[in-house]
Structures are given as C-alpha cells and as structure tokens.
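A.B. asks: Each chain is listed here by its residues.
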Amino acid sequence: MDTHVHDRRRFLALTAGAAATPLLAACGAGFGSDDKKSDGSAADDVTGSFDWKREKGRTVKALLNKHPYTDALIADLKSFTAKTGIKVEYDVFPEDNYFDKLTVDLSSGRASYDVFMLGAYMVWQYGPPGWLEDLGPWMRNSSATGAEWDQADFFPNLLQADQWSLKAGAPLGQGGQYALPWGWETNVVAYNTEVFGKLGLKPAETFDELREIAGVIKRKAPAAGYDGMYGIAVRGSRSWATIHPGFMTMYARNGLHDFTVHGGKLRPAMNTPEAIAFTQDWAGMVKQGGPPSWTSYTWYQCSSDLGAKKAGMLFDADTAAYFQAVAGASPASGKIAFHPGPKGPDGSLATNMWIWSLGMNAKSRKKSASWLFLQWATGKEHLRKAAVTNNHIDPVRKSISQDAAYKDKMKHLPGFIETFETVVDQTKIQFTPQAQFFDATTSWAAALQEIYGGQNARSVLNGLAGDLAAKVG
Amino acid sequence: MGWRLTLRPYILIVPALLLTCGILYPFGLGLYYTLFDFSASKPQPDMVRFENYRTVFTQDAFWNSAWVTVLYAVGAAVVETVLGVAVALLLHRSSFVGRVLEKILILPLMIAPVIAAIMWKLMLQPSVGVVNHLLKPFGLGGVQWTDTPAGALLSSIAVDVWVYTPFVAILALAGLRSLPTSPFEAAAVDGAGWWYTFRRLTLPMLWPYVLVAVIFRFMDSLKVFDIIYALTEGGPGDSTVVLQIRAYLEAIRFQRYSFGISYTIVLWAVVYLAAMVLVRHLGKIQRKAAEAK
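Note that the protein sequences, when read in sequence, are chains A and B.
Each residue of the first sequence is one higher than the last, beginning at 0 in numbering that gives the first Met the number 0.
Each residue of the second sequence is one higher than the last, beginning at 0 in numbering that gives the first Met the number 0.
No lab work stands behind these hints, which were simulated from the structure alone.
All residues carry an ideal CB built from backbone N, CA and C; glycine is no exception.
Misleading hints may appear alongside valid ones.
Partial list, computed: chain A residues near chain B (C-beta under 8 angstroms) [said to hold, decoys possible]:
1. P93
2. E94
3. N96
4. Y97
5. D99
6. P127
7. A240
8. S292
9. T294
10. A434
11. Q448
Below, in silico cross-link-like pairs of lysine-lysine (DSSO-like), each with a Cα-Cα straight-line distance of 27 angstroms or less [what the hints assert, rightly or not]:
12. A/K100 <-> B/K102
13. A/K286 <-> A/K362
14. A/K100 <-> A/K82
15. A/K470 <-> A/K166
16. B/K41 <-> A/K219
17. B/K41 <-> A/K264
18. A/K100 <-> B/K283
19. A/K286 <-> B/K222
20. A/K65 <-> A/K77
21. A/K201 <-> A/K342
22. A/K362 <-> B/K41
23. B/K222 <-> A/K65
24. B/K222 <-> A/K166
25. A/K100 <-> B/K120
26. B/K41 <-> A/K470
Covered stretches of chain B (chain A as the covering partner; in silico rule of three or more C-beta atoms under 8 angstroms from a C-beta of chain A) [to be verified]:
27. 123 to 130
28. 175 to 188
29. 200 to 208
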C-alpha cells in the first residue's frame, strides 16, 4: 500500500479544509452590508445658499444605456462641466446587457457608478434592497437644489412613477423618490399612410377594428405592391419587454389588471375570463396579421419593419416609430403617421409608459456632486436643448412639450403632437408595483407565446396565475 | 536531504493548489449560499438548509428544463459525432480538395458561438432570411424556424452542430491519421469491402478518439447558454429553457441568488456524474485497445 498517496490526500484535504473554513465563515458577512437606512439623508449635510460650483473639481461616474437620449446627453456634457466644474466619466452599454451590468454592479454593493439610467420598473427591483438613493430630501433642500429646477414643471404622472413606498401592491406616488424622469415613451399606434391610402383604411378606433385591419393588410398589401408586408408589428420575444408596450396598453384600455390587492396580498388577475378572452384575441391578432417569427420580435425588429415597409402598423413606443419616421431615416420616412390607438370598450385611452429615469447609487461617495448632475440632466436648459437640437423627444417637462421650437420640429410628423397630447393625461404605469415584476412579466410573455402556439389560453393563464400567486402572494 | 525530498512533492503542487482554490472558493461560496434564502429583496438572509433544493426538485419548471437540457445535449452530441466522423473519413482520403476543405472546416470554430447564433437567427428569419429564400423554389419558403417548440429546439441544435461538428471532425481526423496502416493493408489484401473495414477495423480503433469528442461535446452541451439564449431566449414558451438559462434568469434577472445558484449546483452534479460515467467508459475502452495491441 502506498502510504504517500494517503498522506498527499490527507494533506490536500486538510489544506483545502483549512482554506475553506475561514473563507466560508467570512461569507456569513459576505451577503452584503446591512442596507438599513440611517435616519438622515446626505442631503441634510448640504447647507447655505445653492451653488452650482459647490462640488467643483469632483468627478462623477455614470452608467448609461446606448440610446438617442444618451447621445444627446453626452453631446451636452461640456455644458455641465463648464457650469459646475464637475467632470463626468461614463460607460455606455447596449440595451441587451445594460440592465444585467447595472444589476450586478448594484448588487455587489460597490459604488462603481454614482449615477445611472434605469426604468421606473427597476425601482421596484432596486429600491427594496436599498440600492437607490431617495432623492426626495435632495429635491426638498433648497441649498442643494436650485430654484430654476422647478419640480412643478414635470408631468406629475412621471414623477409619481418613480416614487414608491417599497410595499408590494402599494400605489406609486407615495414614499421615496428613487429616480427622476428624464425621457419617456407612450405606447401608441404608428401606421404607414401610403398603404392605408391604397387599401382605403382608417386607423382603428376599437380593438376589433385593429385586429381586422391587421388581417386585411397582411392579406391585401402584398398584392397592392408591398411585398411581404404584414399588418401589425408588436413585440413577441420571451421577455418582460414584450408585455409592457402595446399589450399592456390595450389590456389596460380593456379595464384589465395584472394583479389585484386583497388584504395587502397580491392576487394574479391575468386569468380572469375577460383577461383570458383579451389575451386570446391578442394572440389571434398576431397570428392573423402579425410578423413571421413573432416569438423573436423585440422593439428593434418591430421598429425596423415599420421603417422597411414590412409592417403596416406598429403598436409600441412612439419613439420606436419616430426614429423610422424622421426624414431620411428609412424607406417609410414621410409616410408614417401617429394615432392614439384603439379605445377600450368604455372609451378609455389608458396607456402604459416606459420612463428612462436617472437614479443615484445609495452607496455613492459623491452624492452632492451626483445630485448636481441629476439636477442638470433633468433641468430645463439641457432637456430643451436635447429636445430641440437632438432626438430627446417626448419631454418629461410640460414647458418643453409646449415649447414653440420643439413643436415646430415635431409638427412635420403627422399626428405625433396630437397623439401625445391626447394620451398624456391617461398615460401612467399600468402594472402593479411589486419586486417580482420581471419574473411575472417574463413568465407572462412565455405564456403569450404558448397561446400563440396554439395552447389553450385558459389553462396556460391559470397555470401562470397559480405559479405567480406562490411567488408574489 | 531527506526532508527536502519529502517536501518537494508538496511544493510542486502549490501552484496547482492555488489554482484549485481559485476555483473551489467561488464553488464553495456558491454551495454555502444555496443554504440561505439570499435574494435582492432579502439581503440579510436566513438559513433555510436544503429548502432551495427541495423547491428546485418539486418545480415543474426544473423538470422541463432538465428534459430540454438532456434532449439538447444528446441531440447535439449524437449529430455532431456522426457528422464529425463522416467528415473526418472524407477528409482522410488525402486529396487536394480534402486538404482545402480541412482548412475551411475549422472556420465555424473560430466564430464565437453567440455570434454564430445571432448570424443564424438572421439567416433563419422567415421573411428576409437567406435559408427560406433558398428553400423557396422547393415550396418551403414559409418555414417558421423558431416559432414552434420543436422548431426552436431543432434550430438551436442545428446551430450547435454547425459550430462544433468541425471540432469532432478534427479530433476524429487526428485519430484516423494515428491508426496503424498494416491492419488496413492486410484487410485490403484479403479483399475486405469498405463497409466491412470500417465496421470491423476503423471504428473500433477510432472509438477512443470518438469517445473523447463525445465527452467534450456532451459536457459542453449540457452547459449550453449562449447559442440558445441568443437564438430563442428560451422560447417559445419554456420550450428551450435549459438549466443554464433557468439559473441565469433566477439569479441575475429575478435576483433570487440562492435559488439561482441551486440550479447551477444541480447542473454541476449532473455534468459531474455524466463525466464520471463517460470517462470510466473511456478508460475501459482504452485498456481494451491497449490489451488488443
């Protein structure tokens, strides 16, 4: 018997054990520091009169998503540095992996980035663990916030969308202000005026009409000279992003809810008879008038198809159509018009929205400088410049949406301003705030794909509701 | 002098030990985390012992993912092996075309699998993709490749096959070139046909090389993420949600860290067991081959 073999094994086992014991013991504290908030906010440390130069010489690190709004921000950063003496370093990531990067970074507990872009839905995920700075105390502190920032100028529904009490099911607009609205998107219908003219169609006023028109375009447009054109582009990939634009907008216009709250507990409501009927109709619409390979469709394919004259209509973010509609952007430029989309049975134009917001890392060591950056980036001066000279459309501020230069720029797009003004007051986040939002909507998208694939809507949605009830209840 | 000789083996293994610790530490940490209910919404978790594993094994989603993972891994490994060996046999006949093809064959291996998947996603797009365009003359221009559960899984396997068949072919070709020539010459003198020679001589002698390729491809396919995620994101429905995708969704997207890691630990156990069985089998075959010599 070779005793050396046993000695070596014992040595290896002991060494590994010795190494692992303190390491794993240390893991007890490795779950991250205690994120319980202290009573005060760092905003309370800012006193005296407001001064843009207060943090002169500092550097703020920003994490940004590749987007036309971001391009407009980066183009104007010199103005911020000139105004404050603060330098901004930034990393830009494509949307496909932006949120993974942000999530991993925030969950690591490091302050790699002081400020970052996020959606309002992300507040529900990043807020409860204490990763986001409550900006309320900063907004209320007149030493930290200049009078010209003018909080009342924001569309109130947008500010409220980033405000939450961190309690599942509690309505938005209460509790901490975890981000500031910076750019947003309403979900409406954009359509190709040329094909509508040739086929003698008018924008749909009801969901039944929308489904019918989508089918008519798919059947008749190829013969009218639009090779391969289908009726309506809507998202279909197995992602939360499939649910929130057109689907959720039409769902809400039908008076339907994702969850209902009973005694403080959430109950899934996507399997009510009305919701099942609607979901079945939506899947039917996609089958009759939607794109081939729908289950892989993201906003990018939807938008591209409208621009390439492959889709007769698009029910998605107005910006997805805008970037195809501007002069010279696509073969369909100049032939894209906007419409609020079908009304619900009671005339509702309830619209879901996406808000690109800016937030501050609760772990940032440069909160005062970061707040000056957020204040500038969401301020009138930058946003007006970004809207008028760049493509930062759909202003979050009332004053900019009414600005003559902005209106003059947008008036060339048929129906854009009218549609915006029609839906703006009924546009809000139509989902129930809760931390399992991404799980719920990803599973919902998977269920929608299964129904599209021919499975029974009732059993699929009952299964979904049962699964979600255990997770969010 | 004696103590130096005694100590030498331990000193020699220090670099390997450090490297192993670099692997074992996150593994051990991950394993430890699975005993808690650690998530973004619970940053100060409680010890739940094996509750995460119990939940994993009682979820339909897990069994669906496990089934899809096995289908994918077996499908990809079998097709790649058969095709790879066939290609290697063709390339083994040394001709000018064979030598040129040998160089071209390696090209898919030089493309990152995620890029290959994106490329194929575009090519399989029903209305503008080149695949349907080429099939149109045969009346098959309307195939919706990734829109049905079976189509999505088969398309994912097809991309895997496209990327990795050259790997199997190269291994098999190396094996073919290392085989002794005398048995084949004797078989030729005895008038043995191609199929008989292949069945009785080539394949048994090549089997250890083929098995190495199978082990690599099967292990790799069990852990697949990039190709499927880029091609279908796990859809339609849950039809292509393999264990790695489920783990990613749970741990990163839904931020249920402990639960997500439990999936990866289960996957690790599956891969480890499969590797153990296959490697043991390989050892047997190699011993048999050595005895035959």
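A.B. asks: For a C-alpha distance cap of 27 angstroms, please report whether B/K41 and A/K470 respect it.
C.D. replies: This hinted pair holds, its Cα atoms lying about 14 angstroms apart.
A.B. asks: Report holds or violated for the interface hint on A/P93, using the least CB-CB distance to chain B and a cut-off of 8 angstroms.
C.D. replies: Hint violated; A/P93 Cβ to chain B Cβ min 13 angstroms, cut 8 angstroms.
A.B. asks: Minimum Cβ distance from A/A240 to chain B below 8 angstroms?
C.D. replies: 10 angstroms, violated
A.B. asks: How about A/Q448: closest beta carbon in chain B under 8 angstroms, or not?
C.D. replies: 4 angstroms, holds
A.B. asks: Does A/K166 lie within 27 angstroms of A/K470 when you go C-alpha to C-alpha?
C.D. replies: 15 angstroms, holds
A.B. asks: B/K222 and A/K65 were given as a pair; does the straight-line alpha-carbon distance stay at or below 27 angstroms?
C.D. replies: Not satisfied, since the Cα-Cα distance of roughly 30 angstroms exceeds 27 angstroms.
A.B. asks: Between the alpha carbons of B/K41 and A/K219, is the straight-line distance 27 angstroms or under?
C.D. replies: 55 angstroms, violated
A.B. asks: Hint check: is the beta carbon of A/N96 less than 8 angstroms from a beta carbon of chain B?
C.D. replies: Since chain B brings no Cβ nearer than about 10 angstroms to A/N96, farther than 8 angstroms, the hint is violated.
A.B. asks: Taking beta carbons only, do three or more residues of the stretch 123 to 130 of chain B come closer than 8 angstroms to chain A?
C.D. replies: holds (count 5)
A.B. asks: Regarding the hint that A/P127 lies at the interface with chain B, is the smallest CB-CB distance below 8 angstroms?
C.D. replies: 5 angstroms, holds
A.B. asks: Given as covered by chain A, does the stretch 175 to 188 of chain B meet the bar of three residues or more with CB within less than 8 angstroms?
C.D. replies: The restraint on the stretch 175 to 188 of chain B is violated, since only 0 of its residues have a Cβ under 8 angstroms from chain A and three are required.
A.B. asks: Just to be careful: measuring from the Cβ of A/E94 to every Cβ in chain B, is the smallest value less than 8 angstroms?
C.D. replies: 14 angstroms, violated
Hint compliance for this structure: hints 1, 2, 3, 4, 7, 12, 13, 14, 16, 18, 19, 23, 24, 28, 29 are broken, all remaining hints hold.
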